[in-house]
Amino acid sequence: MIELDSSLIIIDRAPYGYEDAFSGFYICIACLNKEVDSDVLLLGDGVYSALKNQDSENALNFPSVEDLTYLIFPEGSLFVHEKSLKERGFMAKDLVEAAELINEQELYEILISKTKKTAFLRI
Amino acid sequence: MENNSKKMLTIVLTEGPYRSQYADIAYEIASSALYKKYRVNIFLYMDATHIPKKEQNPHSFPNVAQKFRKLMKQGAKIRACVRCATARGHSCTQKSYIPGITITSIYELAEWIKKSHRVISLGD
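Residue numbers (our numbering), protein chains in the order written: chain A, 1 to 123; chain B, 1 to 124.
Just chain A, same shape as in the assembly (with noise of 0.2 Å):
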C-alpha cells in the first residue's frame, strides 16, 4: 500500500451560512503548503464560494472566501460544478478568475483521474 500524495476537498455548503467553505479552504491551502496536491471542488451550495464581487466584510463582518480562493491559485484548482452554478442562476462570467468550470464527464474524469493516492475530504 502507498502513502497519499494528493488531496481533493468537496465542499457543498454555501459561505457564511456554515464555516465549512472555510474550513476546507483552510485544508486545501495547508496542503499545498506541505507540497500535498490539492484542489477544491465545489458542488451544490458549495459553488456561492466561487462567485466574485463578494462583500462580507463589509454586510457581515466576516473574512471573504473570495479571497480564499485565489490563495490555493495557481498549484490548486478550484473546480466548479457546472450543473451547480446554472441551477442557482449563476454563469460563468460571475465567478472568480481561478475558478474551472466542470461539466458532468469533467467531474467524472476528474474523479476517475484521482488514484489511490488521494485524500477525499468532504468538509
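Incorrect hints may have been included.
Calculated pairs, BS3-like style, for lysine-lysine (alpha carbon to alpha carbon, straight line, at most 30 Å) [as the list claims (entries may be wrong)]:
| hint | chain 1 | residue 1 | chain 2 | residue 2 |
| --- | --- | --- | --- | --- |
| 1 | B | Lys36 | A | Lys34 |
| 2 | B | Lys114 | B | Lys36 |
| 3 | B | Lys70 | B | Lys36 |
| 4 | B | Lys7 | A | Lys116 |
| 5 | A | Lys114 | B | Lys115 |
| 6 | A | Lys117 | B | Lys77 |
| 7 | A | Lys93 | A | Lys116 |
| 8 | B | Lys37 | A | Lys117 |
| 9 | B | Lys77 | A | Lys116 |
| 10 | B | Lys37 | B | Lys77 |
| 11 | A | Lys116 | B | Lys36 |
| 12 | B | Lys53 | B | Lys7 |
| 13 | A | Lys116 | A | Lys34 |
| 14 | A | Lys34 | B | Lys6 |
None of these hints come from the bench; they were simulated from the model.
Following the hints, position chain B against chain A.
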C-alpha cells in the same frame, strides 16, 4: 492477522458530540484500525473540537471524551485545530481538554495526510 503496523489511518472529524453519531462512528473505526495494528490519527476540526472537553456529564449517552481517552491509551494520536478550538473557548492555557489532547495547527493535518495510507472525513 495482516501486519499493518506501517500503515497510517487519519480520521478528520468535523461534528461535535451527541447531536450526531459521528464521534461514536469515529471511535468504532479507530478502535477497529488499532486492533488491526494501524497507526491511527484523529484530527478534530470545527465543532469536533468540543469532543475532548473535560467534565462532560451526558445523562443519556456514553461519555464520548472518555471513549477518545481510551483510544489515546491504545496509541491513537488526537489533535484539535487551534483556530477551531480557540474560537470555541478551548485553549492550551485553560487546559479544558482531557489529558493527551494536543491543540495544533491545520498544517499538522496536512502532514498527516501526506503520511497516511487512508484518510476518512466524517461530518454532516
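Each hint, compared with the structure:
no.: 1; hint: B:Lys36 - A:Lys34; in the structure: holds (29 Å)
no.: 2; hint: B:Lys114 - B:Lys36; in the structure: holds (21 Å)
no.: 3; hint: B:Lys70 - B:Lys36; in the structure: holds (16 Å)
no.: 4; hint: B:Lys7 - A:Lys116; in the structure: holds (14 Å)
no.: 5; hint: A:Lys114 - B:Lys115; in the structure: holds (17 Å)
no.: 6; hint: A:Lys117 - B:Lys77; in the structure: holds (22 Å)
no.: 7; hint: A:Lys93 - A:Lys116; in the structure: violated (34 Å)
no.: 8; hint: B:Lys37 - A:Lys117; in the structure: holds (21 Å)
no.: 9; hint: B:Lys77 - A:Lys116; in the structure: holds (24 Å)
no.: 10; hint: B:Lys37 - B:Lys77; in the structure: holds (14 Å)
no.: 11; hint: A:Lys116 - B:Lys36; in the structure: holds (20 Å)
no.: 12; hint: B:Lys53 - B:Lys7; in the structure: holds (29 Å)
no.: 13; hint: A:Lys116 - A:Lys34; in the structure: holds (19 Å)
no.: 14; hint: A:Lys34 - B:Lys6; in the structure: holds (21 Å)
Hint 7 from the list above is the single one not met by this structure.
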